[in-house]
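Student: Below are the chains, spelled out letter by letter.
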Amino acid sequence: MPPRAPEELPSEFAPGADQRPGLDRRELLKLTAASAALAGLGACMEHPHERIMPRSAEAPEQTPGVPVEYATSMVLDGFATGHVVKAMDGRPIKVEGNPEHPASLGGTTALGQASILELYDPDRARGVLERGRPASRAGLARLIASLPAQSGLWFLLYPQSSPLLVELLARVRRRHPSAQVATDTPLDRRAVYRGASMAFGRPLEAQYRFERADVVAALDADFLAAMPGSVRWSRDFAARRRRLAGPGGDPGRLHVAEPSPTPTGSLADHRVALRAGDIGALAAGLLAEIVRGGRAPAGLPPELVARLAGFPAPAPAAAWLSATARDLARSPGRAIVLAGDRQPAETHALVHLINQALGNLGETIALTEPALHDPLGPGLAELVRAAAAGEVQTLVIAEANPLYSAPPDLGLERALARIPLTIHASLHENETSRACTWFLPLAHSLESWGDARAYDGTLSFIQPLIRPLHGGASLVELLAMFAGDPDPSGHALLRDRDRRARGEGGAARDVELAWEEDVRRGFSLHSGFPAQPPRLDIPALGAALVPALATARARSGAEEPIEISFAPSHAVHDGRFANIGWLQELPRPITKLTWGNAAQLGPGLAARLGVDSGDVVRLSMDGRAIEAPALIVPGHADHAVSLELGGGRRGGGQVAAGVGVDAGPLRSAAAPGFARGVRVAATGERRALAITQGEMRAHGRDLAPHTTLAAYRADPSFTRALRGGLPTLLPGRSAVGPQWAMTIDTSICSGCSACVVACQAENNIPIVGRQGVLDHREMHWLRIDTTLCGSADRPDFVHQPMLCQHCQDAPCEYVCPVNATTHSPDGLNEMTYNRCIGTRFCSNNCPYKVRRFNWFDYTGEQAETIQLQRNPNVTVRERGVMEKCTYCVQRIRAVEIQSRIERRGPRPGEVVTACQQACPTGAIQFGALEHAGTPMVEWRREPRRYAALHELGTRPRTMYLARITNPPADTADTADTDND
Amino acid sequence: MAERLMAEFASGAGLAAAIRALRADGHRRLEAYTPVAVPEVEDALGQRPSRLPYVVFAGGMAGAGLAYFLQWLLVAYLYPIDVGGRPPHFPLAFLIITFEMGVLAAALTAFAGVLVRGRLLRLVDDVQGTEGFESASRDRFWLEVHLDRPDGDERAARDRLAGLGALRVERPPEVPA
Amino acid sequence: MAHPILIGRPTDAELGERLLGTTWRPGGRGWRVAFAVSGAFTVLLAVCVTYTVTTGIGVWGNMIPVAWAFGIINFVWWIGIGHAGTFISAILHLFEQRWRTSINRLAEAMTLFAVIQAALFPLLHLGRPWFAYWLFPYPSQMQVWPQVKSALPWDAAAVTTYFTVSLLFWYLGLIPDLAALRDGAPTRRRRIIYGLFALGWNGRSSTWRHYRTAYLILAGLATPLVVSVHSVVSSDFAIGLTPGWHSTIFPPFFVAGAIFSGFAMVLTLVIPTRAVFRLHDVITDRHLDNCAKLTLVTGLVVAYGYIIEFFIAWYSGDLAEMQQFYQARPFGPGNAVFWIMLGCNLVVPQLFWSRRVRTSPLLLFAASLLINVGMWSERFVIIVMSLQREFLPSKWAGYAPTWVDLGILSGTIGFFTLLFLCFLRVLPFIAAHEMKELRHQLAEEHGERAEAHHG
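Protein chains in written order, with the numbering used here: chain B, 431 to 1410; chain F, 741 to 917; chain G, 155 to 609.
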């Protein structure tokens, strides 16, 4: 694993950390061979045992070196996203989105991309433990079997949507009638469902149709990157915005109000920085404006109307509010207003009311049953209460890591101490495991069978691609043990349920075929939940909202005290992925911070406190305090500090432990999302921040052109200076074969960074650790340059995925003394690692600085499990050689070989690069220039196209489309105030 | 019977005078050994100026030509690779190495020239052994006289040399022919 | 002439004794201390080099964007220092500047040792030094040859040639003195060793004839090298795009800088040597005076280079260039080095307008040290500071060296000193036979003048 700076070393190691990481090679080979046999030979076995099914039924047999794709799902906080995992000779090596799956449409998140590395994490738990000492799984099974019926049995799980699991719980209850299930996640969505219950009388889930929405108002809602439906929504939103094919097109408009800039906020046409605590008031303000505009929903109680009349908008957002309200009112039934998960129930209720008033419900928003099972069921608080009352004899904590993530004021630790028998099942031995009597290693989702529902309810399947590397049971198998099944098989459990689910009527054979088809596809077609008629009990809702408005009114405007808000990290989520190096080293979308989190605050507050980025500040709140390095973020709400979750792990692996700071101590059960009254004080210490992009300003250089829609229409070819021919002395070259090229639309790139991890996974790119990043030696072939335009408090962001531009007259090539980087006939700038002697002249002469150098032997000492993930079609680079983006040449050549076999040329859209495939919004398009009609070619005909650093005459093959913002006509446009 | 005599003189001028006199006497086979270069002596011996420059020029040109040819052969002919869109045959870029290699070759030729034409690198030398000859590298000027008539009057030659101002006259060691 | 270039009229014997004798006399205590110190630094160099090669270039401060730093700086600096040696021994020889005689061998030795230091870096800074030979067109079954449109093979050729020619030139000049040493050697061992290196020289006049011609030719060949080598080195940067590199003034600018720093180094070496060996009559104040004057001249050319660089940056109208020169260098990260450069290379040489400074060994010595520092800083400014601020602000970064970088730099200085000290001990550091010739010429002139006076 990566080298870490001394002060980062964990003070205390997880048990077993001193053992050499990684299995010994023999064992691994056995396992992979076994699963390879399993995967392929399964097809020809007479009695298939746990037969897994590739996506394409044509070639089920294994051909060495030919990858096989399997559809499966990744579940995060209960919601499934369809994945397609590529297995090479029995080793899963790459995760892609499942193009058919409604929650993915082919896109993925950084987390999804990195889940493959979690499978091979050398720090994963390896055996059953009893009080920290090795024990046997059989022993645990006996213990479970011996539990008395009335055993005060409790389970603590993440929110669940798996039908199989629900069924198993019922079976468990048959054995232990009093068994209880508490669900908890640091990113709890109960408020959402409570809000829905207030509005509709029951917890309904809102299904947004962004592709239909002309106007979107996101209130502290990072719907493009950090919400359960984000991947799908990104694709839909982009599809709507892509109507900007030419100057005539209408991209729609995105209004965003949020405390700290997020990917969603960075794509906004009209954004205001507002504290999370003022969002409620903002929602009320919006409703007030709309009511004033004469769109009061029928039956709104008069006192509510009265309260709304002249409801004060939160000071910073007054202008934003009126403009947004007007905009929303202008497009009834074609707008979406949504609030973030951490907002209180009242805000969500208000938002439902607004959508109702605008007639969006049923048009752009459909309401369905929630995918989650019992979303408002007991949570951590109830569990603690029961434990305190001594009602809990046995507690089973699966997957969750509450001792790290739960708000300390719950007193969970004390409660646990009172429980006689506690069993923790998890991928890693972590903070919670240490406090439990028993520990059981869980199988990774790529090692187990299961099912789950997507956000829209689609029934998705989980199938294993490899036998569990370290033994371990899946969650369903664990539950089955409590249901009286001593040695359960996840496969059998799932098959049984499936048979019973389809069973009635259908012949066994049809059931078999249907099952096979669904597993191949990864989900059951049309299994999404039907839309429910939106029935708002407006009078009741209104009445319920009156007190909320009172508090909101009282709050709104008051500047002090300072607010602190907590958000999931785009990289390590709530910390559960903290042991994945790729994610720790992933530059966060806006701040570009790696290896840890920081106290983000706006320039104003920083100035008043007299702190600069890197100064350690002490954040204290009613007696509890933490120290974190400050990080000044332009576009951050004033009088507010925001902190990402997932830092300061005290265990759970070599990589995770001690990176960043734990926000936990400041969180309270009452206000896990945000709270007022934090005191911020500089400590005088400094802590270096490992940031990959030092400078976000363009310094007057025309690097990432952007303008408003109005200006674009006035002067469509405003990028004329950055495209077209340039005089040259060089002779042209005759193109041979397809000419590969890429087009990137910066208007729909949200900076979510899924592409960065995808590139890393596809191309065997190592990580360099915190110190490496501090030394400016990160290895990402693809980075996202985020350029900041406009003023520091109202900035516009332009995300520019920066990868090798594959210049046709490449400056890097002619300076290489040994022909290590040369030009291919099909227009690629090729890097021959074996020929490179490492003069680094090419990097000096690359104006885009996309070349990466192996300063040390980064790949040699990687744990053997990690090495299993490597893509065999990509050279693993040795020490002292240069490397860079290849346009995924291995994929290009694979397609070329295939097409040659079939005596044809590559088909349009046949070659897909890793970044393009992962991109949720589809901002990256790749292909051959000959293939007219493909987006790649069509896009680069748009007048807003440009080449980065065009004036240097490098003639890049990568083209960008300028960012077009569409602010409301009556707000100052910030595009041309690019003064630094 | 000596065939040769070695005479030591105090100054280059004296040596030159002696040489002129002996040549007047009809001695043809004379050679001088001096601590420093004395053009006067060389003139007196009637040596033609060195033709080394022509050799060096040839060497230099050969080196340069070879260098350019090699570059063209390897980069433009045998293995032309598309590098940054530059033409494979790129005289401007080739010239530098051509020039450097020309200079190198010329310098090596010049040095080798001295070794060969200057009759250095001999293992056996027919004057080194002479009594007191060390002074030839310090501050004395030596003359080597080949007695034309082997029957000859070594005594007469000795007297003549002494008369010409030789500080001493020695008989060099006999070298097996 | 104000100062004579040779004081007194010693006989050949005396000259020989004085100039060759240094090799017989045992080194004093001072010499042994100096030897120990420079030896220690040489060991440090060996340690750092081993560490780098076994662990990786990562132990240096280099990174993206600053992929070249100390390695290349030191390379350019050392190569530059070499130039004055060649300048003195070749160009001044062609111009028959007789005063050069007493310092040319010292200067040539300096050249050799400096080039040896420099030659270390092109190898060392590679990611995979063990493949350095790929820069040469060796018969390879891979059929992949050097890419001669890059400036690096040019470097390889230029440095190889430069080193070889300097070595031949220096050695050819040594041969007669080696013969003298052979003949005067007190012990048989020395006699044999010097005898071997003397290549059987016996002062035959026919040999002298070719010798003189060859020496003249080598001088003629070395002269273009003085100009070409640093021009080629400068193209490592000039052919690049980087703002601050992409400049046509570099070749003359670099050559001037090279000779400038070279003369400074000559002064740094000559002044103590002459003091230690009490050679004030052979290396007179006239020599120091002339070196100082040449330093001043080349210094002015360098100054002109600076001015033009800044002017062109503005004249180009290119934003990146302007920000490079008017923001990054004076105010950006590491700007202290920039100001040191200006101080040492622009201000210090102006002292040499004063004759008193030019003839005061102490002041000259101090000034020469400052100029060496200044020229190193110049290379830092050009290489590192340019890379720190390139086209994309997103990849701007500040550079900081590691202890290995500093170890290698000080190590090469130690190694250089070590070689020089050994040279002083085992070889005549003043060309004895040339001094004798010079003495004869002077004597004749003197004689003629005397006669004229009498008659």
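Rather than coming from a laboratory, the hints here were simulated on the basis of the structure.
Certain hints may be false.
Non-contacting residues of chain F with respect to chain B, defined by C-beta distances greater than 10 angstroms in every case (computed) [to be verified]:
{"id": "1", "residue": "799"}
{"id": "2", "residue": "821"}
{"id": "3", "residue": "826"}
{"id": "4", "residue": "855"}
Computed, partial: chain F to chain B, Cβ under 10 angstroms [claimed, not checked]:
{"id": "5", "residue": "816"}
{"id": "6", "residue": "818"}
{"id": "7", "residue": "819"}
{"id": "8", "residue": "822"}
{"id": "9", "residue": "824"}
{"id": "10", "residue": "825"}
{"id": "11", "residue": "827"}
{"id": "12", "residue": "835"}
Here the structure is a predicted model, which means the values were calculated and not measured.
Ideal Cβ positions, reconstructed from N, Cα and C, are used throughout, including at glycine.
Student: State for each hint whether it applies.
Tutor: Going through the hints against the structure:
Every CB of chain B is more than 10 angstroms from the CB of residue 799 (chain F) (nearest about 27 angstroms), matching its label as outside the interface. Look at residue 821 (chain F): its CB is around 5 angstroms from the nearest CB on chain B, not clear of 10 angstroms, so calling it non-interface is violated. For residue 826 (chain F), the non-interface assignment is contradicted: its Cβ lies about 5 angstroms from the closest Cβ of chain B, within the 10 angstroms cut-off. Listed as a non-interface residue, residue 855 (chain F) keeps its Cβ farther than 10 angstroms from every Cβ of chain B; the least gap is roughly 34 angstroms.
For residue 816 (chain F), the shortest C-beta to C-beta distance to chain B is roughly 13 angstroms, which exceeds 10 angstroms, and the interface hint is violated. Using the Cβ-Cβ criterion of 10 angstroms, the hint placing residue 818 (chain F) at the interface with chain B is not satisfied: the shortest such distance is roughly 12 angstroms. With 10 angstroms as the threshold, the beta carbon of residue 819 (chain F) comes within range of chain B, its nearest partner Cβ sitting at about 8 angstroms, so the hint holds. Because the beta carbon of residue 822 (chain F) sits about 4 angstroms from the nearest beta carbon in chain B, less than 10 angstroms, this interface hint is met.
Taken as an interface hint, residue 824 (chain F) checks out: its beta carbon lies about 4 angstroms from the nearest beta carbon of chain B, inside 10 angstroms. Hint status for residue 825 (chain F): holds, given a least beta-carbon distance of 4 angstroms to chain B, under 10 angstroms. Hint on residue 827 (chain F) holds. Least Cβ distance to chain B is approximately 6 angstroms, under the 10 angstroms limit. With 10 angstroms as the threshold, the beta carbon of residue 835 (chain F) stays out of range of chain B, its nearest partner Cβ sitting at about 16 angstroms, so the hint is violated.
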